[in-house]
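First to last, the sequence lines map onto chains A and B. Going by this note's numbering, the first residue of the first sequence is number 149, and it counts up by one from there. Going by this note's numbering, the first residue of the second sequence is number 299, and it counts up by one from there.
One should not assume that every hint holds.
[As the list claims (entries may be wrong)] As a list, the in silico DSSO-like pairs of lysine-lysine whose alpha-carbon atoms are at most 27 Å apart: (1) K235/A - K382/B; (2) K235/A - K439/B; (3) K212/A - K439/B; (4) K425/B - K212/A; (5) K226/A - K376/B; (6) K191/A - K359/A; (7) K275/A - K341/B; (8) K235/A - K385/B; (9) K341/B - K289/A.
These are calculated hints, taken from the structure and not from any lab test.
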Amino acid sequence: MTGIPKLCYFNGRGKMESIRWLLAAAGVEFQEEFLETREQFEKLLQDGALLFQQVPLVEIDGMKMVQTRAILSYLAAKYNLYGKDLKERALIDMYVEGTTDLMGLILMCPFLSSEEKEKQHTVIIQKATNRYFPVYEKVLKDHRQNFLVGNQFSWADVHLLEAILMVEEKNSSVLSEFPQLQAFKARISNIPTIKKFLEPGSQRKPVPDDKYVETVRRVLQMYF
Amino acid sequence: MSGKPKLYYFDGRGRMETIRWLLAAAGVEFEEQFCETREDLLKLRQDGHLLFQQVPMVEIDGMKMVQTRAILNYIAGKYNLYGKNLKERALIDMYVEATSDLNEIIMHHPLQPPENKAKHLASIIEKATMRYFPVYEKALKDHGQDFLVGNQFSRADVQLLETILMAEECKPDILSKFPVLQVFKARISNIPTIKKFLQPGSQRKLPLDAALIPKVISIFNIGNE
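Go ahead and model the full structure; you've got the sequences and the hints to work with.
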């Protein structure tokens, strides 16, 4: 037992990716166990390792944590990325829920038919540019600080950067009307821990491909 | 300005109900403003009151809070319903994320097309009795305490009770195999603030009337946004 957090998930982004981002941003080393087969998953279930029979699972500080948001909130608080007080926390929570909703639209894309994918891409770009990005653009413009909340690096900044990069993978010019976000993206990408995570060879996972989709379906026996 | 929190939603459960439960459990009085028509929602948007153009929205402590989880986290933190330390909070979060998952499925049941309804109901019952309730039954049985986490009343207890009652509306004997949860349900229901909320005339909302479904779909433009 090494004492470093251990992540159990598929070898791909999915719901675990935001957790990888946050650990990396906090400069925390972590191990990963990748689910490749149904048998592995059934063993986890039989061993009672998955509280609600689902992954992500993160073993950390003697706990087998499940539920993505529970894990993220724990990490944010533990590594001082959750603001200085209840009100800052409230703001961070609001912002992160927004980026979660946006990334949620992207999360399901690999599992859609090509026709549905095209429709979904339109929805993603439309929501990003009309509903979500304007909010963060205004926040940064109004307070003129480097970070979204409380003049201090937080989970909200990490999550927004992740969301921006994911949307840009769908449409590389999506930030063209958002100068504050462009500057934000450059600035946060340059934070040493984040910069390291963005380099090839890090534990950041690539855009999901057919192999990833096939693995998820096989392991979870979910043919949707 | 009354200083009381003010809730903006439609006159029904939806995503605001858990917030009503938590405020009520904490003994906090609140006001409500209901969106009766799509125009009411559009006006809130136009006036810039909705950060992501969505409700729920709760005005509290000078903030216009949106995003259900953010609101619940704030209320729980403010009224000491979030455990004593980070690890208790982690456990509470795991428990309430799961009750939220189950609530989400139940919430969508009235919106299922008729040909899907029976299958959807079966799925709710299966998830409740095979995936979720066994966890809470075991947690309570193992530590033998009155509350789910840290021997202290928390949002986890409130949210579990809410979910149990909603599941019972789907199948009245759904707790038949869960004796510890039956006792838990009785115990938490008897907490004075909760007992009051469970009485007729409180701000607790009724299950969605089938006749109201078209109105809800129209207010939220469900399926199109």
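Do the hints match the structure? See the list:
{"no.": "1", "hint": "K235/A - K382/B", "verdict": "18 Å, holds"}
{"no.": "2", "hint": "K235/A - K439/B", "verdict": "36 Å, violated"}
{"no.": "3", "hint": "K212/A - K439/B", "verdict": "19 Å, holds"}
{"no.": "4", "hint": "K425/B - K212/A", "verdict": "21 Å, holds"}
{"no.": "5", "hint": "K226/A - K376/B", "verdict": "19 Å, holds"}
{"no.": "6", "hint": "K191/A - K359/A", "verdict": "22 Å, holds"}
{"no.": "7", "hint": "K275/A - K341/B", "verdict": "19 Å, holds"}
{"no.": "8", "hint": "K235/A - K385/B", "verdict": "21 Å, holds"}
{"no.": "9", "hint": "K341/B - K289/A", "verdict": "25 Å, holds"}
In this structure, only the earlier hint numbered 2 is contradicted, and the remaining ones agree with it.
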